[in-house]
Amino acid sequence: MDTIKIDQVQKEIDARANKEVYIHLETTNGAYASHFNQEAYNVGAFIRNANVSYARGKIVGAGATYRVGLKLDIGWIYAEGVNQYEIDDEGRLLMAGHDNEGRLMVALQIGEKPFTY
Amino acid sequence: MQEHVVVIYPHPDDESFGASGTITSFREKGIPVTYLCGTLGEMGRNMGNPTFATRESLPEIRKQELIKACDVLDMELKMLGYRDKTLEFESREEVAKHLYQYLEEIEPTLVITHYPGYAVHPDHDAFGAAAIQAVGMMAKEKRPTVWAQAISRNYIDELGEPDILNDIGDVFATKLDAIMAHKSQADGMLAKIQEETQEDIETAAKTWLGIESFYTWQF
Ligand SMILES: [Zn+2]
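Note that the protein sequences, when read in sequence, are chains P and H.
Taken in order, the first sequence gives residues 1 to 117; the numbers are from this note's numbering.
Taken in order, the second sequence gives residues 1 to 219; the numbers are from this note's numbering.
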C-alpha cells in the first residue's frame, strides 16, 4: 500500500460512483486488546460485501489521516482514519489506516465484484 | 490402537505458539499428527510497517505460512475453510459434525484443542467447544483423550493447575522455527512478549513459551 495521495484517491472514488459496487468496511482494536491491557476494551465491526451504489464519494483530510464518505440514496458509508491505499490486482480500491506497528485499525474497500468470502 | 494425534485450533499460528513443542515430541516418537486448522486468519491485523499485506492479500500469505509451519513440524494439514472471527456465529452442531467426520476417519488417540471459555479469542472458545462436542459424539470405546489448552489470565485461579505440563526445552528450537514460519504474526507477538518480560527474544520466548500446558478433559 502507498501513502494516500488525495487527488488520486478522489479520482478512483469518482470512477466507481453510480455503479453497483461491493463494500468491505471494518474497524477494530484487536481481539486481544483487553488480554494484553486490562484497561482496554475490545471494539470492532465489519461489513463484508455490502452491495450498494453511491452517487457521490469524497475523501477529505490532510497530512496523516483522511476521512471518506460515500453518499447513498438512503444513507451513508463513512470511514475515518485511512492513511494508505492501493488498487489491487483485481482493480479494487483498498483504503486502510494502520498504527505505527502496522496493525490495521480501519479499512474501507470498494470493488466492482464481491470480495472473496 | 495406533497412536495418532489431532490438533484442532482455529488460526494459523495457534499450533505454533500453543503446541508445537508437544507436536514435535510426538513426531520424534514417530506418532502421526494431523492439524485441523479452522480458518486462514483472514481478519488478522498485522499488515507490517511498511505494509506487506492488505485485508485481501493476507489470507494467501497466512496460508503459505501455515503450510511452511506444518512442514517444519512435519504434520499433516487440513484447512477447514471457516472465516476468521465468525466461528462463534456458525451452528455449533454443524461445526461439531464437520470435525466429527475427520475424527471418525482418523481415529485419533489424542485431540489437542482450546479450553472453551478460557481461551481469550471467541474463535478459540467456539472451536474448542465444537471440538469437544465432536469427541463427545464418538462411541466411548473409540473416544480419544482430549487435552484442552487455557490461555486466559485467570485460568489457574478458576481451573486449578493444569495436569499436563510439557517442558519442551529440548525441542524449543523447532518451536521457534515453527513460530517464525508465521512471519506476518510472529514479529509483533514476539516483540510484545519481549516488551512484557524485558529480556532478549530467545530468553523471553522460552520463559513464556517453554512449557505447554493442558487440562485433560473429563467427559
Ligand atoms: Zn488464535
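Note that these hints are calculated values from the structure, not bench results.
Check the hints yourself; a few may be wrong.
What the hints assert, rightly or not - Incomplete in silico selection of chain H near chain P, CB under 8 Å: (1) Ser-25; (2) Arg-27; (3) Lys-29; (4) Ile-31; (5) Pro-32; (6) Thr-34; (7) Gly-48; (8) Asn-49; (9) Thr-51; (10) Glu-56.
For glycine and all other residues, C-beta sits at the position ideal for the given N, C-alpha and C.
Structure-based check of each hint:
1. Nearest Cβ of chain P to the Cβ of H:Ser-25: about 27 Å, over the 8 Å cut. The hint is violated.
2. Interface hint status for H:Arg-27: violated, as the beta-carbon distance to the closest one in chain P is roughly 29 Å, over 8 Å.
3. The interface hint given for H:Lys-29 is broken, as the beta carbon of that residue sits about 33 Å from the closest beta carbon of chain P, more than 8 Å.
4. For H:Ile-31, the suggested interface contact is broken, since its CB lies about 32 Å from the closest CB of chain P, more than 8 Å.
5. For H:Pro-32, the interface hint is violated, the least distance from its beta-carbon to any beta-carbon of chain P being 32 Å, above 8 Å.
6. At its closest, the beta carbon of H:Thr-34 sits 25 Å from a beta carbon of chain P; the interface hint therefore is violated under the 8 Å criterion.
7. Restraint check, H:Gly-48 versus chain P: the minimum CB separation of about 4 Å is within 8 Å; hint holds.
8. Below 8 Å, beta-carbon pairs count as interface contacts, and H:Asn-49 has one with chain P at about 4 Å; its hint therefore holds.
9. Taking 8 Å as the C-beta contact cut-off toward chain P, the hint placing H:Thr-51 at the interface holds, the least distance being around 5 Å.
10. With 8 Å as the threshold, the beta carbon of H:Glu-56 comes within range of chain P, its nearest partner Cβ sitting at about 6 Å, so the hint holds.
Checked against the numbered hints given earlier, the structure breaks hints 1, 2, 3, 4, 5 and 6 and satisfies all the rest.
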